[in-house]
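> Those sequence lines, one after another, are chains L and A. Using our numbering, the letters of the first sequence correspond one by one to residues 1 to 287. Using our numbering, the letters of the second sequence correspond one by one to residues 288 to 372.
If you are wondering where the hints come from, they were derived from the structure by calculation, not from laboratory data. Do not rely on the hints blindly, as some may be mistaken.
Derived Cβ-Cβ restraints for the label pairs, each shown as a range [claimed, not checked]:
#1 L/Q277 / A/E370: 46 to 54 Å
#2 L/I227 / A/V309: 33 to 41 Å
#3 L/K212 / A/D322: 33 to 41 Å
#4 A/K315 / L/M244: 35 to 43 Å
Backbone N, C-alpha and C fix where the C-beta goes; we use that ideal spot for every residue, glycine too.
Residue strings, one per chain:
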Amino acid sequence: MAVDYAALKAGGFMRQKQKNTFSLRLRCVGGTVTAEQLAVIKQVADQYGHGYIHLTARQGIEIPFIKLEDIDDVKAALAKGGVEPGVCGPRVRTVTACQGGRCCPSGCIDALDIAEKLDARYFGRELPCKFKFGVTGCINNCLKMEENDFGVKGAYDVSYDEDACIHCGLCAKVCRENAITFEGDTLIFDESKCSHCGRCVKSCPTDAWKGKSAFRVFIGGTFGNHIITGKELTPLIKDEATLMRVADATIDYFATHSKKGERFGKTLERLGTDELQGILEAAAAEA
Amino acid sequence: MAEISLDQVENRVDITDVVCPVTFVKAKVALEELDPGDLIAVHMNDGEPVQNVPRSIKEEGHQILKLVDNQDGTYDLIVRKGEEE
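Given only the sequences and the hints, what does the whole structure look like? Please build it.
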C-alpha cells in the first residue's frame, strides 16, 4: 500500500531523510508541557525513537526516528498521557506564547490564555498555506510577533488620575517613548506617542496611572526565504471579543484571497493592505 | 500628606556601586533590616536602576513616597517599608 505522506504530514509526522522514518511533531500551545505529558513523551522517545526529543523553533516538541510501522502504537501511547500529534503543511500551526502576565512582571495580558483560545478556535484549520499565530505578553516582544501571520502583543490602555499623583516623575523616567513630560508639577501625556507598554502603570507608586489589558495585532509577517515584517493595521484593541473578531476576519480574508502555497505576507504585497485594513476596522468596530 | 524631604529619612542605602540585578537585591536586603513603616532612602543611578528598581520595590509591597532628582545623575527614592507578609 502506498504511504499517504500528505495525510501523515497533516497529522504531524514529518518525513525524515531516512526511509520510512518520521519526526513526530506534538501539539504544544504556548510552549507549555505538563509533567504528565513529559513522562509519556520520554517513554515514547525511549521506546519508539532514539531516546531524545527536539525542541522546534516554535516552542514545539518533535520526537525523531519514529518508524512507519509504529505510528499507530505511538499515537495510542501518547494519547494515554494527554499528548496529541501536531500539524505541518498548509494549515494553522502551533500557537506560540510567552508566560505573560501569569508569571512575568512585565506582562500586560495572560498570553497563554489567549494562545489557548486561539488554538481552540483555529488549530489545524485548512488554508491555502501555513498560518502562524503568536502571542506575547507585552511590548517588549520577546516572542517576536512581527514574524507571525497574526501576532498579538499584550498592551495596556492607560489612564491618568491627577488627584492620586505625587508628581514623583517616575512615569516620565520609565517611558521609552517620551510620551510623558512634566511642566513644573503638571504632567503632560502625549497619547499619540504612547506604545501602550504599561511601564508607567507598573512603576507608579500611587496607582495614579491605571492600565486595562489590551492588544496590538501585527499581520502578515514571515521569516524564512523572504522576510516580511508583520504590519499593524488596527488601532489598539481593547477587549478579547474584538480581538477574536479581528482574528476571524483576518483568517477569512487569507482563506479567500491567498493563492495555494502563498504566505499571507506575499498576498498582502500583491494586493496591498488597504482592503484588509478596511475589513479589520469594520470587524473591530462591530459591537 | 506633608511633603517629605530627604533629611527626614534616617536610613540610607547606596546602590550606585552595583549593577542589575544586584541593585534591587541590595535595596531589598536593606529593607529587610527595617521594621514596617520605617523610611529609607535608596540612592541610585539614572538609567536602568531608576527605571526598574522602583517598580520592583513597589511589587514587593513597599510604599514609594518620593523620587528626589539630585541633578547629578543620581536619584534618591524614599520608601516606606510595607507590612510583612
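> Against which earlier hints does the structure fall short, listed by number upward?
none
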